[in-house]
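Line by line, the protein sequences are chains A and B. To convert, count from 1 in the first sequence and add 91; that's the working numbering. To convert, count from 1 in the second sequence and add 927; that's the working numbering.
Simulated crosslink set (PhoX-like; lysine-lysine; CA at most 25 Å straight-line): (1) B:Lys1435 x B:Lys1480; (2) B:Lys1440 x B:Lys1458; (3) B:Lys1160 x A:Lys93; (4) B:Lys1160 x A:Lys115.
Since the hints were made in silico from the structure, they are not lab data. Note that the coordinates shown come from a computational prediction; the quantities given were computed from them, not determined experimentally.
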Amino acid sequence: MKKKYKLDEIDCANCALKLENAIKEVDGVSNVKVNYMMQKMTLEADDASFDAVEKAVIALCRRMEPDMDVTAV
Amino acid sequence: MFSGLTDKLTKKQQKWLFRIILGAVGFVALGILEHAGVFEGRWWLGLIIALVPYLIVGYDVIRKSIRNIAHGDVFDENFLMMVATFGAFGIGEYREAVAVMLLYQIGELFQNYATGKSRESISQLMELVPETVVVERGSETEEVDPDEVETGEVIIVRPGERIPLDGEVIEGESMIDTSALTGESVPRAARVGDAVISGCVNGKGLLKIRTTKCYEDSTVAKILELVENATDKKTHVENFVTRFARVYTPIVTIGALILAIIPPLVLGGGSEVWISWIRRACIFLVVSCPCALVISVPLGFFGGIGAASRIGVLVKGSNYLEVLSYVKTIVFDKTGTLTKGEFRVSSIQPAEGICTESSGRPGASSEKPGASFEKAGASFEKPDASPSKPGAPSVNPEEALLEMAAYAEHYSTHPVAEAIRDAYGQSIDLSRIGSTEEIAGHGICAGLDGRQILAGNAKLMRKYDIPFQENTQGGTVVYVACDGTFAGTIVISDTMKDGVPEAIRDLKAAGVKQTVMLTGDSEAAAQAIAKEAGVDQVRSQLLPADKVEIVEKLLKEQNGKDALAFVGDGINDAPVLMRSDVGIAMGAIGSDAAIEAADIVLMDDDVRKIARTVRIARKTMRIIHANIIFAIAVKVLILILSVFGIANMWMAIFGDVGVLILCILNAMRLMGKQEPET
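If we strip away everything but chain B, and leave its shape as in the complex, we get (with noise of 0.2 Å):
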């Protein structure tokens, strides 16, 4: 009848419920045999009886509670419960006496079962490490513990299995799960030069990897030392808890005292009042315990952490958690975060009467300049070339303009020069290129079949006196003139990550109030991204140091407890991640200066994430403060009525084990698999 229950108890587990079972069997036979009136003038005979459950039950918690009055600590908890079912034998209420035995062990195995449970769920996180790994030493193969392997030594990773160690594909290709580190199913491809990290499943085909970091190093090692030590930063909730349950213990006990001589003294009275006096003291006693408030605390960032690593997000500390659940202001850096980072050509504007005669060959196009390019396409499309004439290939416009800046940027490694490059896609036929010059803080200056080509900012227009059409559009504007003749523009703009929006909007459902967008951009092209996500509030042209100063400022502008979250990619603004209350970094899967900067830490780059994760730290922090509210009030009200008289002990086993269970029970909402809704 229990084998199902069983198979999930450990042996020690196992044999605590064995005696509970058998003490409980025996608390019903003691009622059994109280009812017929076996014990009628035969109290001893009732005790003796009694003391059968009451010691199969509890021998270990006298057993401790003596070993302690050894070491003179008086409040332990052991101590404590053996004083109160003494006391309860000694004013002849031997059935209360087994059940406080008998619930409070309950109530340990309880919590030591809850424990056990979720340590359990972040121990699949612990399997994300395989046992063992095959190195390749010279022409042999040997299997080690991924501990033992140098960086740059060559792994071997079979198909369906874990990725021990961080490195680099150097044969094979496979799709590798990744879904351990960022909670996102769709596998992603690894080939030859592509960067593995540890944790993720190798699919179908066997790679080969020479690893890059030793074992200390890998992201795996990092992410499980940060996740088990997460509940050692201490927060304030767990800081109360810590005060109060270091006074209310002796507070409770010596209040016992008081009310078990005090009053009958005062009062006097014959052996009647004495009892019901001690009685009173035996329900202090059995309330006295802080379990239910200790436990909910750590209990429920455990189950607020697992619940955002389920996600992919990394918390490094519950008191990151509790400072999440108050942000009221969410900041973040615009490139990398709210955009992919990736420069692309967004639209191509050819000026009238664009020299197009490149390699000699005729424009045939009059098309009118303007053509905007989609923003988000990989390869963008050509428009439609005009009619051309047979035999001649047609280049229109926007083709002449790219062509020349593509030739123009040749040499250079800038993004902006990459981005021109990738939207031209054509090879560069070297001979064509003249003497190229990078003029600093400009742009550039080129041959291009015997032609003088300049590309760059409107300065560089200014520089060389030529007459051009500023243009405003958001973005990064190159201009391009041919022989002194302004040719046209190019805009380069940032793509917005997929979801932004949707992450904005869900923020401020989420609670909160202001959201601020930090970039060094101009400000047209700061703008255009701020409207389309959806950010409140927008500050451009910033340099690295500027933004730690809006943040600080910014700080100081909230009340009370309203925290500010910088969201930002870990990179160049560390210093501001670590000035904000919360730093949320992208994790970039791989990337050690986000780990090691941040807070909180996004693993697959997902905005919409934060939303969630604000979401699962206000529901741990809901489940906290109820359990701690809920734990206090009823052992109060217990106090309060027991001094009247009023309490009985049985309402004394539910202030200490019902209050233990419940509050068990609600801090392990958290570690269901479903996310907070609200």
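The following block holds chain A by itself, in its conformation from the complex (with noise of 0.2 Å):
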């Protein structure tokens, strides 16, 4: 499945690159789309873990920019 977020106050463009390049790795995500100028992400895996891989990826997010606020759209 896939859902979108909104991340307020991402840092930079290279900021979101990395984080982008960093969320790939995370197990289980299929895709992720970083758009550093509509400060929106989009992430996609499969339905049965999905929620698991979400939390992972948010705690990541949370790790890398912690000045930003991820929520759900």
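Need the complex rebuilt from these two chains, each delivered in its own frame; the hints are there to steer you.
Quick look at the structure:
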């Protein structure tokens, strides 16, 4: 399934790029797009494991960009 | 003094700016004190005074970098900034340390502001959707969210409001402004029975609309989704920058480490030597951020896509804009793309001695055959009837021929039949029509006032052994015979859209090398349109599958980066749209098929916009390439100069913040209202 998130206060374009690459490495993530311009993230993962993947991804976001707010749209 | 500017900033940006101003004041004070010699022999005092503006400006950078070290990310730009400035402090360059942090923050704030601005320009599109909509439920009206309205419900749109959902007008009459979708300012009429699409603004009348789509499927929702996600599609430049950024920072950082340690160890010497090499290493760290490079790409594409959407052209992804800039060959579908797809009678040519005794009225004319009618006219003028006998309505050969054909084709739903009936324009007296038979692939055999009328193609004439004169004019030719005698021909042709020759010329001027037209029509009809339009090549009498084949062949002929674009109406040419490098569809506003299948959608079907979009694409790519080359060149130059000890910290700051700001300013040129000229 696919879910969208709003990313408030993502720092810079390079940070968005690094965040995207890091999230891609998370187990169970089939695809992710971090759109710096729209301050948005689109996450794709299997339905069955989505909740667990989402948790891991949000934890990763917190760690990499502590000032950033992640809210599901 | 800053009120004008601060109004435009967010709370966070205002605080940020305030810190920068405070830091700048501190920086100036530091300079004055240093100049006055206050710190002579008291280096610790200088350090303490320098730390005040440094921390005011950079405390968050330090906080973030400490957090990132804990996560093991040593290539974090905050961390690198901290190390570089600490290094500067370490070698006694306090002012430089403060300046690096100060300017770094100015650059970051500017980046934040610029992206916010360009996001706003896209957000204006978002205002296409009203927040609430009045819906009729039972005998009452309710105000609800557009996405709560179901298909088939009736909504009320008051004057001046935006239409929130696609639907059909069931009550009221108004002019609607489609400019937000098409870039055209001419309002179009909406009357009962007309389909209206979401995103348009209602004019002066109150409209009751029965919705035909729910919110997610409405035109406006689809457009918003497309534009928002357009920069998600990865382009070649972006992939290059991503790869470059991934290796650039680690290499430069490791280079800095080597520079700080190896040469002083090898060369030996005292603290002088160490300071000199540490300074060079700090310069490396300051220019280690690839930010200018990374921001240029999405910001540039954002601007380009925004500029295109302002003229009513929807680009579904940055990658399509990139490919469009390389387009050398454009293939057009004829019907619906270069022509209006509306068939009209363009010429009526009665044969000599045509039997004009319809309804028993005597023929009164001996006019020469071959009268040609104005092609584009909505209702063509009937040629002046020859002097008529008083009391008896005059029937000239053209009219008689048209009448025969109109009666014969009365029961047919073919577009050609419709065109003939439209041209005839008078009501049909059904009692005059005898038995009518459709002969598949040939035409029609019908009775009229007891006579046998044949109307169809040349094959029909041959089938009935009727000697006839072939008509080689472009268009669809209908041969008519009356009681076994050839009565003449009626030519029906499609009319070309406004501005097509101009569009083709503009494309050539924009650097397109080859224009090709594909059509299922006859050679003569195709040639006529192609000549008028000015396209280089024509392929006629094609089946849909042939079109794919031809496009594939042309695709193979492209050299290197050259690309091929296909322009079609999106309805029956979806396979070709998808097969080509860039598929451009006529949006025919509201056609889902077109929006789905194409990469670029012309919302108002104006082919002239293709050349304008190509120019926008070229300009976008030029700006992005210029930024990439500029940023890399400046950074590499500074790296080289600093190895030899020629660059100083100020140059490094320019290499970081200066380049960032210049790249952003360059990319923002696309966001101006002006369209690119060249």
